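K.L.:
Using the working numbering, read the sequence shown as starting at 107 and increasing by one per residue.
For the record, the hints were derived by calculation from the structure and aren't laboratory data.
It should be emphasised that the depicted structure is a prediction, and the values quoted were computed from it without experimental measurement.
No residue lacks a Cβ here, since even glycine has one placed at the ideal position from N, Cα and C.
Take these hints with a grain of salt, some might be off.
To be verified - Using C-beta positions, here's what the derived DEER-type ranges look like: (1) Gln706 / Phe566: 52 to 60 Å; (2) Lys323 / Gln706: 22 to 30 Å; (3) Arg679 / Ala1031: 27 to 35 Å; (4) Lys1221 / Ala254: 20 to 28 Å; (5) Met1058 / Gln706: 31 to 39 Å; (6) Asn1097 / Arg289: 22 to 30 Å; (7) Gln1040 / Lys323: 15 to 23 Å; (8) Ala254 / Ser216: 22 to 30 Å; (9) Phe566 / Glu545: 39 to 47 Å; (10) Val1037 / Thr693: 31 to 39 Å; (11) Ala535 / Val199: 55 to 63 Å.
To be verified - Straight line, CA to CA, 25 Å or less: simulated DSS-like cross-link-like pairs of lysine-lysine: (12) Lys222 / Lys123; (13) Lys1083 / Lys1070; (14) Lys259 / Lys758; (15) Lys319 / Lys309; (16) Lys259 / Lys160.
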Amino acid sequence: MYLKSIDICGYKSFALKTHVELEPGITGVIGPNGCGKSNVMESVRWCLGEMSWKSLRADTMTDVIFAGTAKRPPQSMAEVTLTFDNASSLLAVQYSEVTITRRLFRSGESQYFLNKTQCRLRDIREMFLDTGLGGDGYAIIDQGGVDAMIRSKPEERRAFFEEAAGVAKYNAKREEALRKLDRVDMDLGRLQDSVVLIEEQVKKLDSDARRAKLYAKYKEELAAMEAAHILEQASAAESELARMQERIGPVEQLLGERRSQIGAEGANLAALNLEKTGEQNRLIEANQKVAETRTAIGRFEERLQSASQTIVSMDVRAEACRAEADADGVRAAAVAPEIAVVAESIAQAEAALAEVRARAQAAEAEFAAIEARAREAQALKDSLAQEAAAQAQQSYDLGRRLSGAESELTHAVAQARASLRNLERDVVAAAETRGRCAEVRAEISVCSARLAEAKAASEFAESAAEALRRRQAELGTETVRLHSDLAQAKARQESLESQGGQNPYWVGAQTVLNARIPGTVGIVRGLFRVEDSLKPALEDLLGERLFAVVVEDSTAARAGIELLEASGAGRARFLVASALNDAPEKTYPPEARPLLSSLQCEPRHEKIVKHLFAEAYELGGKLFGDHWVYGGSAPKDGPQPTLADLGELKEKVVVLESRGTELADERARTETALGEALAAARAAGATLSAESNRAHGLEARVSQLEQGLENHARNEELSTEESARALAQIAAAKENISEARVVRAEAEARVEAARAEELKAASVLAAAREELAGKRAEFSAQEGRMEGVQDQLAAHESSRKRLDDEKLSLEASIARLVCEGEELSRRKAETLEAQERMRAEILVLSTALSARENESKSVFDRMQDLQLKIDARGALLKTLQAEYDQAQADLNQHQVHAAALKSKQDMLTARLWDEWQMTFADARAKYKGVVADQERLEMLRRRIAGMGNINMAAPEEYEALAEKQRFLIGQINDLLKAKDDLLAAISKINNATRENFRQTFTDVREHFRRLYAVLFEGGEADLILTDPENILETGVDIVAQPPGKKLQSISLLSGGEKTLTAIALLFAFFMVKPSPFCMLDEADAALDDANIERFVALLREFQNKTQFLIVSHNKRTMEATDVIYGVTMEEKGVSQLISVDFRKKSGPEAEPAKRKVLQQGPFEPAG
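Start from the sequences, fold in the hints, and give me the full structure.
P.N.:
Here it is, written out as structure tokens:
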């Protein structure tokens, strides 16, 4: 993948749309200070999603939009488009070419596009994760970025390693998971608060629901009594109403006759009125036509006047067009002579140019001939000088050779001795290194064993923590369910206690029992236990006796009564056990089940229980006695707890509260154990990390020792070879000394002869140079005259072009004005024709208006005749109406009584419907044969009134709230499971991040150390983790020791040393994970020439894997580029690009062309 092109429009100083075409390799951007070079780099970073305006050298984000100049207005939008070649599919999209666009408007609105489809900033950032081009990537180094990489904190420097390790996507997923985890915790807290709140509401609604059901039971019985009573009253009213209807019949017959007569006369009168209405409508229609005709005449007259005004305006415009055309014709005639004058000037300038060019060519020929003679003289002199120098150099070389041979002899003897000493030293060092290597390998074995133990301990701690988390979730679910059950039980208990507080017999019984009067046994309901299905029947059977107080004798009963009278705390019924006789044996029907067989009681209470239930038995779902039977359908939601179950509910509440305490204790123990397990897991993880780092360190140490052994072996071989070479050099040096002494004498004689010939050639060269200088001055003068004539010719050509353009413009204007005049004439003729048509239409409408006015007068006369007939019929109808009114008054007297009876019926009907939502038919069908018991009716009314306000929606609300409570508990369980899943995902992400980061750090560290030694030609550097035990958050520190210096802080290095260190780290990242392209903005500013050469060598080494875009002022860096873009400001404040592609030149032409561009430069300095 590589960056194919950059399109910039409205970004900072790039006001014009600028297209930058890029290819793989090295591309340079040069130009003077302030011309906008760095804006090219920043536009790429901005398009990739940079959101910090400080990083873009701006005060606000909208400052990146072109702000305008003295000649150009500000722009409203900045847009940058990057096009990538994605043939390698490095970007995770199914396109071989990917285009990214970012727009920013002055309103602050931003837009992002991926292949011209609008997308989010997040989509672009995620696409470039782990490519080195992300927000924390190492592929874009802006101005000061090299120094910032060195000065940054270790924790900030970690971001580069994460990008190289490919863990940026893991970090994004982990951050997302942590955000989800926070939301889950918030949702859990919210739901648990909601459950607690709902528990309180359920508690209240449970009591209300039970009271509502009891209210409904009383209400149903009251409805039956009330309906029967209303039916009795309605039957009496119905009989009286029938008698009244018999009297009304004759009066209604008389009314019918008079009504028929009134109807006939009314119909006649209506017919006349209808005929009158028709005439009125015709009159209105005639008047409307008259008004429409007058309106149409007025409309045509207005249009006629408007057409006259239009004709006048057309005449004015036609005259104006003729005047403009005449003026343009005069100007066009004046331009023709000017064009002829300019053409004559051009011809004269061209002739002068030809004459000057001929004289310049002649001077150039003479200059070339003299220059050729000077070159021949110079060549002869140079040849003789070279020969003399060669002879002198040979003599000098022979002298040096003689001295060198003597020195070599001495050096060879010393080198032989030193080689022998080095050989002995290397043998001893190799033996020591082998010993240390064996010791380190033994430490590695021990460390591997400890590493396995730490890994097992870590896995055990993680599994224990996971088991405790699951148990914690189970306890949480059980606690929520227990709280729900406890709230329901307490709500029922309070509801029953509230219900009992309204029953004076229950209050009195509780008062007697609490007083612990001697001889008190308890209440009847507490003496036995029964299955739930029989509880309603027993309650109906015993009624108020269910809460009667059982006492041993009458003395205890009297004491209880006296207590209640004294305290005023209700009433009580007493069952005196000593007064009861033994229950007689009872014979039951076949297949019947005695009720006593379904009851359980203590032996001491059997006599009382038998007395109460001996006669009762169950048969066919009903409960029978000697003179009663109980049955019916069970409640839809099953038997409901009553006051009789209050004791069992209290026991259940105690059991649930005890279980709640146990669960709370177990949750506390689990929480403590989980904390200990997590601490153990962290400790085991830290131990594992420490042992892993120690193992990596020992392995690195073994590698270093083995490398040392290889070095010692190579040194031994080199020392042996050097010893042999030294002995051979001693023999050869002795032989060279004797030969050099003979040859040196011969060379000195040849040097003297060559110097004499050189003096003669120098005099000839001086004469040729004087003549050449004169001709050069003459040639320069001819060139100056030729340039002046060329400037005049260009000025004349510009004038002629201007006059030609003006002539064409005038001719076009004349043609346009002529066409406009013709069009105005045509439109004027059409308007005159339209005027004639409108005058004819007005004449026709005036004739129609007279006819319509006559028709309107005729209709008005007919309507007056009809009015006289209507008045006569109205008098007759008034007489008949008076007779009808008298008969109606008689009828009303009879109907008053009937209405009163009907009103009573309606009132009873309304009462039946309003109070019980029943009709008479429904009531008769449902309560046929029911006798209204007035005493029972009053008792039910008192009970219902005594219950106070009842929430009849409480049962439905209770069920809905209980369902919501169950739903929320289910959601809590789901969230607890989701929390476990998120924790597991975060753990998995952390493990992958640790492994990738550790491996990448090790690889980058090795490459960094090697590149540092290469760039500095020695020295040492290293990368150190600030917190090796915490791989997920550790920073990365840099330690550097240039050659010849002590190990020191990175901040104490010089600017060049910092730059080289940062470059070594940058290219170490590229060796581990190459980025598709790299942008360096004046990264080489602090480097000297020698270091520039090393920097350029690195660029060339990596250019096949990474595309480089470099901003630089260094000529040697620019010589390494394939394409150069020059940034200029021909217009102040507006940047433009000029490109030079050196790949189009090959062979010996490329380097000279590149040097010429860099030395002279086609780029003007910024204004």
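K.L.:
Does each hint fit the structure? Answer for all of them.
P.N.:
Right, here's what the structure says about each hint:
no.: 1; hint: Gln706 / Phe566: 52 to 60 Å; result: 54 Å, holds
no.: 2; hint: Lys323 / Gln706: 22 to 30 Å; result: 28 Å, holds
no.: 3; hint: Arg679 / Ala1031: 27 to 35 Å; result: 40 Å, violated
no.: 4; hint: Lys1221 / Ala254: 20 to 28 Å; result: 26 Å, holds
no.: 5; hint: Met1058 / Gln706: 31 to 39 Å; result: 37 Å, holds
no.: 6; hint: Asn1097 / Arg289: 22 to 30 Å; result: 24 Å, holds
no.: 7; hint: Gln1040 / Lys323: 15 to 23 Å; result: 20 Å, holds
no.: 8; hint: Ala254 / Ser216: 22 to 30 Å; result: 26 Å, holds
no.: 9; hint: Phe566 / Glu545: 39 to 47 Å; result: 32 Å, violated
no.: 10; hint: Val1037 / Thr693: 31 to 39 Å; result: 34 Å, holds
no.: 11; hint: Ala535 / Val199: 55 to 63 Å; result: 57 Å, holds
no.: 12; hint: Lys222 / Lys123; result: 18 Å, holds
no.: 13; hint: Lys1083 / Lys1070; result: 20 Å, holds
no.: 14; hint: Lys259 / Lys758; result: 64 Å, violated
no.: 15; hint: Lys319 / Lys309; result: 16 Å, holds
no.: 16; hint: Lys259 / Lys160; result: 19 Å, holds
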